[in-house]
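Enquirer: Just so we're aligned, residue 6 is where the sequence shown starts under the working numbering, counting upward by one.
Hints are computed from structural coordinates only; laboratory data are not their basis. Quick caveat, the model's predicted, so the values are computed rather than measured. There could be a bad hint or two in this list.
[Claimed, not checked] Computed cross-link-like contacts, DSBU-like style, restricted to lysine-lysine with a CA-CA straight-line distance of at most 35 Å:
1. Lys203 with Lys36
2. Lys73 with Lys53
3. Lys73 with Lys159
4. Lys137 with Lys159
5. Lys53 with Lys159
6. Lys203 with Lys159
7. Lys45 with Lys159
8. Lys215 with Lys203
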Amino acid sequence: MQESSQGAGRAALRRVPKQERSRERIGEILKVAKELIGQKGIDAVTMKEIAALSGGPIASVYQYFPNKSAIIAMLYELYVEEVRELIAGHVSHIETADDALRATDDLFDMYYERMRQEPSTQDLLNAIQADKALADLDIAETRAQADGFFQLTKHFVAEPQRESYAQTLFVMFHMAGATLRLALMVPAEAAQISGQFKSIVRTHATYFLKGHFPAIA
């Protein structure tokens, strides 16, 4: 059975914190690691540097995290929890097919703004793709997000089209991440890239949710 992305980081902990002081120490380590990743990129960050800037000896970092990969796994887990909350806030009010169409735009814009404001997120997600176990968890998380949207909107879709709709959502949710990273890498073209991707998504979503392609794709 594939491990849930919610739990991957905690499973990587060398020691599970039971006291508030220990939880605060872990929180500070993660905060510093995230800031350093945003400033320098993951490859340039060291455990020694994380320890020094988080206000403790390096042993206090290794007490909880056996290596930098374990820190990355925990940061990814926290990222997933935050994204799930953001998605829930955007899709909880879907009542019509038009609401669902608007949600596809809103979700992409939400992802983009989230990544633009926190440069460390882009480096974190790149590091996730370089780790086979974490990359598998990321795919599983993408599938879960797509399935969540499917469950909320499938009643707008003709039954014979639902399987194809579910598969299309999975592809689109996956492609959204790649498109966002591209937009952030070439900021001068970000608006055009984002607009083109949202147009593609809306074209397919309109076909499934309303039974026809939009008049102007």
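Enquirer: If you draw a straight line from the CA of lysine 203 to the CA of lysine 36, is it 35 Å or shorter?
Expert: holds (33 Å)
Enquirer: Between lysine 73 and lysine 159, is the straight-line Cα distance small enough, at 35 Å or below?
Expert: violated (41 Å)
Enquirer: Mind checking the alpha carbons of lysine 53 and lysine 159 for me, to see if they're no more than 35 Å apart?
Expert: Roughly 50 Å separates the two Cα atoms, so the pair is violated.
Enquirer: Is it true that the CA of lysine 215 sits at most 35 Å from the CA of lysine 203?
Expert: Holds, at roughly 17 Å.
Enquirer: Tell me if the straight-line CA distance from lysine 45 to lysine 159 falls inside 35 Å.
Expert: This hinted pair is violated, its Cα atoms lying about 43 Å apart.
Enquirer: Taking 35 Å as the top limit, are the C-alpha atoms of lysine 137 and lysine 159 close enough?
Expert: holds (32 Å)
Enquirer: With the threshold set at 35 Å, check whether the alpha-carbon distance from lysine 203 to lysine 159 stays at or below it.
Expert: holds (20 Å)
Enquirer: Keeping to a limit of 35 Å between CA atoms, is the pair of lysine 73 and lysine 53 held or broken?
Expert: holds (10 Å)
Hint compliance for this structure: hints 3, 5, 7 are broken, all remaining hints hold.
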